[in-house]
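Join the two chains into one complex using the hints; note that each chain is given alone, in its own frame.
Taken in sequence, the protein lines are chains A and B.
Take the first sequence: its position 222, counted from the start at 1, is 222 in the numbering used here, and no numbers get skipped.
For the numbering used here, add 1000 to where a residue sits in the second sequence, where the first one is 1.
It cannot be assumed that every hint is accurate.
[To be verified] Calculated lysine to any residue pairs in the SDA-like style (CA-CA distance at most 25 Å, straight line):
1. B:Lys1110 <-> B:Leu1179
2. B:Lys1078 <-> A:Thr137
3. B:Lys1110 <-> A:Tyr45
4. B:Lys1110 <-> B:Leu1220
5. B:Lys1110 <-> B:Phe1228
6. A:Lys210 <-> B:Gly1117
7. B:Lys1110 <-> A:Ala38
8. A:Lys222 <-> B:Leu1179
9. A:Lys222 <-> A:Leu240
10. A:Lys222 <-> A:Leu130
11. A:Lys222 <-> B:Ser1181
12. A:Lys222 <-> B:Met1098
13. B:Lys1078 <-> B:Arg1068
14. A:Lys222 <-> A:Ser40
15. A:Lys222 <-> B:Ala1116
16. B:Lys1078 <-> B:Val1065
17. B:Lys1110 <-> B:Phe1215
18. A:Lys222 <-> B:Val1118
19. A:Lys222 <-> B:Val1175
The set of hints was computed from the structure by calculation and includes no laboratory data.
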Amino acid sequence: MAAPTVAPPSQAPPESRPRPGRRRTPRGRVLFWIGLLAASVLFLYPFLWVVSASLKPRTQVFDNALLPSTWAFGNYLNIWEVAPVLTWFLNSVVVSLAAATAMTIASSVVAFGFAYFRFPGRNVLFGLVLATMMLPTAVTMVPLYMIWNSMGLATTQVPLWAANLFGSAFYIFLLRQFFLGLPRELFEAARIDGASYWGLFWRIAVPLCKPALIVTFVFELKASWSDLLKPLIYLRDPELFTLPRGLKAISDQFGQSGEQQWEIVLAGSVITTLPMVIVFFLAQRHFVYGIATQGRKG
Amino acid sequence: MAARTEVRPRPRRRTSRFRDRETWAAYAFLSPWIIGFLLITAGPMLISLVLSFTDYDGLRETQAVGWRNYEQVMSDPKIRTAMFNTLVYAVLSVPGTMILSLWLATMLSKVGRRSAGVFRTLYYLPEVTPKVAVGVLFLMLFNGQVGLVNSALGLVGIDGPQWSTDEAWIKPGLVLMNLWSVGGTVIIYLAALNNVPRDLYEAAELDGVSAWQRFRHVTLPMISGALFFTMIVQTIAALQTFDEAYTAFFGSTASATYSNDAALFYVVYLFQQAFQFLHMGYASAMAWLLFLVIMVITFVQVRLSRRFVYYEGGER
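Next comes chain B alone, as it looks inside the complex (with noise of 0.2 Å):
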């Protein structure tokens, strides 16, 4: 494309001919993206959206089953209980990481610059701890009888409960263990933060706002973006839940018979049935119906970030 352009004698069409060249060159810098989409984005969808209407298995002839597979993602009992835990584990996990790391950031923002950046790394340490890593520690660290997490809290008398075997306690164990990793978000808080305008909060002070409403009414708004960003990230990463899940109580025979269906997340079962059970058509269908539950929840956080979001510059 170079070649063309050099050819084409020196015009009087100045502008049109710079764009036409710009466009050129802004396709070839986009390329590897747009031959990417068409290759490992859009057309393995379409296959995808293909597949969910048949049996395929890698195995026997592929024949079409119409809508079979939707018929029954939407009646098998396991999908129900694999949706209900991702999205109970969602509930508890995208809030409590943004409360825990907001008050944490909160805290950083009022220490001198250079404390906060120790504080930060500690904070951030654990985020860079594979999750599969984090799966293994979450079978030690919550062990019923001998774990940490048992052990601290019989230190102040709390007989904590089975964390890694009673099936009520297994999700709400993953979100504490999750919270373990919530060192990101305090850094995008932070940096938020650290960017609200200090006029306001003198503003605020001359006022004689107290600090709960300075708190609400200044602060709150104004990191309202990052607030809003971390979220919908999260839920869709949530709604993803595999490895810590898997790690910990799928894979291996003897895991397999004990207690897993309250750790059973929607992808795990996507997995088994789509690599373990060869139910590939089927598996396809079941992610379709997870892109559906992801596409519908992220609308509904844009709608609502519109109405609370405060950007600063107005329109983006």
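So that you can see chain A by itself, here it is in the shape it has in the complex (with noise of 0.2 Å):
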């Protein structure tokens, strides 16, 4: 399957017929709603559950009450005291943005190669694109840490995301589909009219995969913003660090293992998490869009 999206012609409108399967009698739609319901509490409490813990008193953070019996909304002013949140969450903005945008440009270059061109080596190519993602990150962990060393980069910001700029192999398999899906007379036309090749890429698959590429990066976004490892290995100074890592200390600091101080780690955990849902809602349509891609390769 090339396209992302083949809706055979015989297949009628989603909405038009009766879906399979629904459920007939009263009880039987009641009982089926109450499961839905109660699916979505249990996804959304924790979440509700961490805010509000977030807003309590120290004595109070395990009332699992919903809402606080006393807003202690200087637990987010403590949190700044106690560590360089502010530092740490610029940090992370600048990190993930380089890495996502590093990721998208690469990834849809060499994407766009893999699509249109064809050219004596192209399936082996590929094979090995696809068989990079088998590969575990332990395995190039340590070579890597000693590449930056050598270049005495080892304790900065910059392998947290200057790896990006090489694409990788997930988000190249994302982006060739949708390039795929592209018509080719629409490229050939342009060739006609005399565009070189990287006109047919720029002016013509970039412009029309615009969502695929929101796609590329907000995910890789999500997953910078996320990523632990990597700050593990790399960053020292706390000055340095970004969210995650930051979070990381704090736990360890005012969490279980030390002061128990947990209105801290869980405002920690709030504004770690916070910016991310953000920007879910903002790009939820693209989110959606690149995973139910995803699982139609097969």
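So, in structure tokens, the structure goes:
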């Protein structure tokens, strides 16, 4: 299946006919909706619990009340004083934007190479791209550290994003599928009009596949924002920490094994998670689109 | 390379020149990945392979030790523990995620498109939570005395276990916590379910087939591609679990003392060996064992998928 979405013409519009297996008895319908809503509560409640608990005074953190009986907004000021949260936040923003931008540009260029051109070695190379998905990051972890170390960059933020300048298998695969979905005549017509290969990519493929590029960008933004392993390996100076690395430090100092100041840990968790929740709501459509497309490749 | 083709005279052998030019352009487009493959994949793999036969620690002079690291890997009881933990976790969490996701997606496929969208959003939300926060939350939500999970269980009269300290319950707890982030898989399955042609269900209904048989003989084969895709991807990811386990149970001096062997995942131990004990040669040998395990498991899964997966358009 080349194109991301191929609906056979015979298929009726999804809403026009009753869906198969739809519960018909009233009792069945009620049970069905209870199931759906119960699942939603299970998924949502931990969020509410965390946000609510992060606004409670220390002694009430575990009281499991949905709303704090005493609001302790001060928790978010206190975390400020014990940890450079704003610096971490800005570090995370810079690193993840750099990572996502580099990844989107590099992967789309490479994906276009695989999608448009027919050339000797294409299948072998593409197989190699796919094979790298199996490679655990652990295999290259130590050598990459040595390489960055020899360049004097081992304790900077550069290793957190610079490798993305080479693209990555998962996104190359995803974007190639989208590029393959474009009608080839479009490119042939542009060729006849004298467009260069770069022109085909930049003026035709990129504008038409903007949603796919946004998918790549938000996926990698999320992946980079959440990454803990690389910051653990590379960042030593707390001033350079990203939020996940900072949250780990906060958790070690104030959490279960530390001073048990749970409200600080909770505030840290909210600060680390909230930006991604906001990004998700802004780019929701693209997240769903991107994820749904992956599975269709089988 | 543009200049190279510019100076050529307009030839008669149009196709072959075109091919030649196209090949150059193609490799130009691929160059970021090819350079990257050499610099950050193939090169480091080679280095890692060499390191795995040395006692490299970044400090002392490096010496070749032959197969000693690999012999040690095979006999290290901690590695056995870590591999066992990781496999148990994968065996519990991958089918768990798949079954829960399939159940949720099946339900969503039966409601109108608009409500499905709202629920889909709710289910996906936990997945944007960074795993480090998931690890932090695990300690609180699954706290044996005061955690939310045991309070909820208490409401229905169940005396919940000490999830975060009882060795027997740490892995099941982490699996449950991980079930919180099934949203992505739900979306994949929902898309697959919506792609099953309605006619098939109608034909089945005319034949008087039961709901279960419809699910078993129409739905499952039609979405088998999505099922196997998620199985393979999630198995590879589960075998490399690090963030949650490390955040919850490792890294600070105090936590090192309690019950962490039950949460010692393979990559956690590998990370400790490489960057805390600086046994980088040993860690490299460990990494190759992990690679081998992943390759074997993936290979078996792909072989199985040839048998069970139905591709609509025949061969891809």
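Each hint tested on the structure:
no.: 1; hint: B:Lys1110 <-> B:Leu1179; verdict: holds (22 Å)
no.: 2; hint: B:Lys1078 <-> A:Thr137; verdict: holds (21 Å)
no.: 3; hint: B:Lys1110 <-> A:Tyr45; verdict: holds (24 Å)
no.: 4; hint: B:Lys1110 <-> B:Leu1220; verdict: holds (16 Å)
no.: 5; hint: B:Lys1110 <-> B:Phe1228; verdict: holds (23 Å)
no.: 6; hint: A:Lys210 <-> B:Gly1117; verdict: holds (22 Å)
no.: 7; hint: B:Lys1110 <-> A:Ala38; verdict: holds (16 Å)
no.: 8; hint: A:Lys222 <-> B:Leu1179; verdict: holds (19 Å)
no.: 9; hint: A:Lys222 <-> A:Leu240; verdict: holds (19 Å)
no.: 10; hint: A:Lys222 <-> A:Leu130; verdict: holds (22 Å)
no.: 11; hint: A:Lys222 <-> B:Ser1181; verdict: holds (14 Å)
no.: 12; hint: A:Lys222 <-> B:Met1098; verdict: holds (22 Å)
no.: 13; hint: B:Lys1078 <-> B:Arg1068; verdict: holds (16 Å)
no.: 14; hint: A:Lys222 <-> A:Ser40; verdict: holds (23 Å)
no.: 15; hint: A:Lys222 <-> B:Ala1116; verdict: holds (24 Å)
no.: 16; hint: B:Lys1078 <-> B:Val1065; verdict: holds (21 Å)
no.: 17; hint: B:Lys1110 <-> B:Phe1215; verdict: holds (13 Å)
no.: 18; hint: A:Lys222 <-> B:Val1118; verdict: holds (21 Å)
no.: 19; hint: A:Lys222 <-> B:Val1175; verdict: holds (22 Å)
No hint from the list above goes unmet by this structure.
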